[in-house]
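Undergrad: Sequence:
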Amino acid sequence: MGIESTIDTPLAEAVRRSGSQSAFGRLIGRSQASVHEWLRDHKPLPAEHVLTVERETGVSRHDLRPDLYPRGEVA
0 MGIESTIDTP
10 LAEAVRRSGS
20 QSAFGRLIGR
30 SQASVHEWLR
40 DHKPLPAEHV
50 LTVERETGVS
60 RHDLRPDLYP
70 RGEVA
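Residue numbers for the sequence shown follow numbering that gives the first Met the number 0, beginning at 0 and rising by one.
Note that these hints are calculated values from the structure, not bench results. Every residue gets a Cβ at the ideal spot worked out from N, C-alpha and C, and that includes glycine.
Simulated restraints, written as ranges between beta carbons of each label pair:
| hint | residue 1 | residue 2 | range |
| --- | --- | --- | --- |
| 1 | SER21 | GLY71 | 32 to 42 angstroms |
| 2 | ILE2 | GLY71 | 24 to 34 angstroms |
| 3 | THR5 | SER33 | 15 to 25 angstroms |
Make a model of the complete structure from these sequences and hints.
TA: This is the structure in structure tokens:
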């Protein structure tokens, strides 16, 4: 069980849906160590990976990076 099992963030959810930090890293071409660092330090997913992660895991871009993809206002 990895650190993602104890963290409740959209990134951690995407990692869980991928199966492991290593699998998530392979999905986006990054190392397991990078993924672990993002989780441990509560760093945001780098912008260049957001759309791939959304497509492959189903975790919304709006949840992964609300600073880049804000949700539209509800009328």
